[in-house]
Amino acid sequence: MEKKVKIYSTPTCPYCIRAKQFLKDNQVIFEDVDVSMNQAAADEMIGKSGQMGVPVLDINGEIIVGFDKERIQQTLGI
Amino acid sequence: MYDLIIIGAGPAGITAAIYAARKKINTLIVTKDIGGQAAWSGDIENYTGYQFISGPELVGKFQEHISKYGVELKENIEAEELKRINNLVWVKTKKGEYEAETAIIASGKKSKELGVPGEKEFKNKGVTYCATCDGPLFAEKEVAVIGGGNSALDAALQLARIAKHAYIINIASDFSADAVMREKIKNYKNITIMNNSRVIAILGDKMVNSIKISSAGTEKLISVRGVFVEIGLTPNSEFAKGVEKNRLNEIKINSYNQTNIPGVFAAGDVTDVPEKQIIIAAGEGAKAALSASGFLNLH
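Sequences listed follow chains A and B, in order. The first sequence: position 34 = 34 (the numbering used here), numbered continuously. In the numbering used here, each residue's number is its place in the second sequence (first place is 1) plus 1000.
Errors might be hidden in some of the hints.
As the list claims (entries may be wrong) - Calculated cross-link-like contacts (lysine-lysine; reagent style DSS-like; alpha-carbon spacing at most 30 Å): (1) B/Lys-1110 / A/Lys-48; (2) B/Lys-1032 / B/Lys-1189; (3) A/Lys-69 / B/Lys-1189; (4) A/Lys-20 / B/Lys-1206; (5) B/Lys-1061 / A/Lys-6; (6) B/Lys-1123 / B/Lys-1032; (7) B/Lys-1276 / A/Lys-3; (8) A/Lys-24 / B/Lys-1241; (9) B/Lys-1083 / A/Lys-48; (10) A/Lys-69 / B/Lys-1061; (11) A/Lys-20 / B/Lys-1094; (12) B/Lys-1094 / B/Lys-1189; (13) A/Lys-6 / B/Lys-1092; (14) A/Lys-69 / B/Lys-1094; (15) A/Lys-4 / A/Lys-48; (16) A/Lys-6 / B/Lys-1120.
Unchecked claim - Computed beta-carbon distance windows for the label pairs: (17) B/Arg-1084 / A/Lys-24: 38 to 48 Å; (18) A/Lys-24 / B/Gly-1217: 53 to 63 Å; (19) A/Glu-31 / B/Asn-1209: 42 to 52 Å; (20) B/Lys-1164 / A/Lys-48: 37 to 47 Å; (21) B/Glu-1238 / A/Glu-70: 33 to 43 Å; (22) B/Leu-1248 / A/Lys-48: 36 to 46 Å; (23) A/Lys-24 / B/Arg-1247: 17 to 27 Å.
FYI, nobody ran anything at the bench for these hints, they're computed from the structure. Virtual Cβ for every residue (Gly too), placed ideally from N, Cα, C.
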């Protein structure tokens, strides 16, 4: 089954850019949420991750804080 | 066993790797991240060949360039120890130990911490070291910027545009930032400057809700949701224990990028080279690789 991937990001954070590039390189389809433009989404991200740093990835409910390549690979099985 | 281990993949480390690869030196890069401080830079207008490029874009170019040479690169690894044993350089990391004939330390600098209670506990929970990255999360909130130099005032300017109010907490009696920055700060009504003030604690529940400051002998609480620490940089040189450093903990090198340990070279912001610039770090990386190559030819 295709996993649902959501990334909370800001346009200026380099790790957000790298994380999104990594997902694209691996043909992973994801929803990109710009938390700088959307307060409700920012609150949702803070609620899920218990912190305010970006990026935050939500992969089928598993929360990964930061561009943790190994954990992203493991979680996605890529 | 490698000919060369490069620690760090910022402008110095990546350039060193390109030069090493072209000399067919068997190289390993171990690094915490790619691009180092350059990746966090906003607008770069002084890197030859680019009239204007953003930090992440320039780092993308660096990465593209190095990937052409197929150099082995291990990311998310921090060096914990480096020493010379039996005529080899030995590097210990959390994920393994590596040996090589030579090493180039290009581990750069990181943000200085305040060292006050609550700072570690609330890191990423209101405490941040990158206004460019995390600033947008504090829209319409009250924030504090700690520091009085260019980076502090730059952060305050970025934040004043989005936050409800920004306090600048400066330990000195005046800013050390450039006149242009001071002038710009004056245009913002939602910035409060607090000179002669020191942060003594960061407080909160799940997230930051206030800071305690000491100002002219009195203590007070300021209600803020974000604390942006901009008090300068410190070299990532602690792991290189036997390597000689200056009083700022920068690694001492000669004009050939040699340290006091044979076969161990260093380049870029982690060294005592005058001026910390992307282009200087890149040039120093090239020099260090050529020196390492010369060392390998002789030994």
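A quick look at each hint next to the structure:
About 28 Å separates the Cα atoms of B/Lys-1110 and A/Lys-48, which keeps this hinted pair within 30 Å; it holds. Restraint check for B/Lys-1032 and B/Lys-1189: not satisfied, since their Cα atoms lie roughly 40 Å apart, outside the 30 Å limit. Simply put, A/Lys-69 and B/Lys-1189 have alpha-carbon atoms about 42 Å apart, too far for the 30 Å limit, and the pair is violated. Between A/Lys-20 and B/Lys-1206, the direct Cα distance comes to roughly 28 Å. Compliance with the 30 Å bound is thereby established for this hinted pair.
Distance restraint check for B/Lys-1061 and A/Lys-6: the Cα-Cα separation of roughly 27 Å lies within the 30 Å cut-off, and the hinted pair is therefore satisfied. With a CA separation close to 18 Å, the supplied pair B/Lys-1123 and B/Lys-1032 stays within the 30 Å bound. Pair hint B/Lys-1276 plus A/Lys-3 does not hold up; C-alpha atoms about 44 Å apart against a cutoff of 30 Å. For the proposed pair A/Lys-24 and B/Lys-1241, the alpha carbon gap of about 41 Å is over 30 Å, so the pair is violated.
For the hint linking B/Lys-1083 to A/Lys-48, the alpha-carbon distance of about 43 Å lies beyond 30 Å, and the restraint is violated. Proximity of A/Lys-69 to B/Lys-1061 is assessed by CA-CA distance (about 20 Å); at most 30 Å being required, the pair is judged to hold. The hinted pair formed by A/Lys-20 and B/Lys-1094 meets the criterion: a straight-line CA distance of about 27 Å does not exceed 30 Å. Simply put, B/Lys-1094 and B/Lys-1189 have alpha-carbon atoms about 48 Å apart, too far for the 30 Å limit, and the pair is violated.
Distance hint between A/Lys-6 and B/Lys-1092 is unfulfilled; the C-alpha atoms sit about 36 Å from each other, more than 30 Å. At roughly 16 Å between alpha-carbon atoms, A/Lys-69 and B/Lys-1094 fall within 30 Å of each other, so this suggested pair holds. Distance restraint check for A/Lys-4 and A/Lys-48: the Cα-Cα separation of roughly 15 Å lies within the 30 Å cut-off, and the hinted pair is therefore satisfied. In summary, the hint linking A/Lys-6 to B/Lys-1120 is supported, as the alpha carbons are separated by about 28 Å, within the 30 Å threshold.
The beta-carbon spacing between B/Arg-1084 and A/Lys-24, approximately 43 Å, falls within the hinted interval of 38 to 48 Å. Our hint of 53 to 63 Å for A/Lys-24 and B/Gly-1217 holds, since their Cβ atoms are close to 56 Å apart. Between A/Glu-31 and B/Asn-1209 the beta carbon distance is about 31 Å. The supplied range of 42 to 52 Å is therefore violated. Between B/Lys-1164 and A/Lys-48 the beta carbons are some 25 Å apart, a value that contradicts the proposed interval 37 to 47 Å.
For the pair B/Glu-1238 and A/Glu-70, the supplied restraint of 33 to 43 Å is violated, since their beta-carbon distance comes to about 24 Å. Between B/Leu-1248 and A/Lys-48 the beta carbon distance is about 40 Å. The supplied range of 36 to 46 Å therefore holds. Taking 17 to 27 Å as the suggested C-beta distance range, the pair A/Lys-24 and B/Arg-1247 does not conform, at roughly 46 Å.
Comparing the model with each numbered hint stated earlier shows that hints 2, 3, 7, 8, 9, 12, 13, 19, 20, 21, 23 do not hold.
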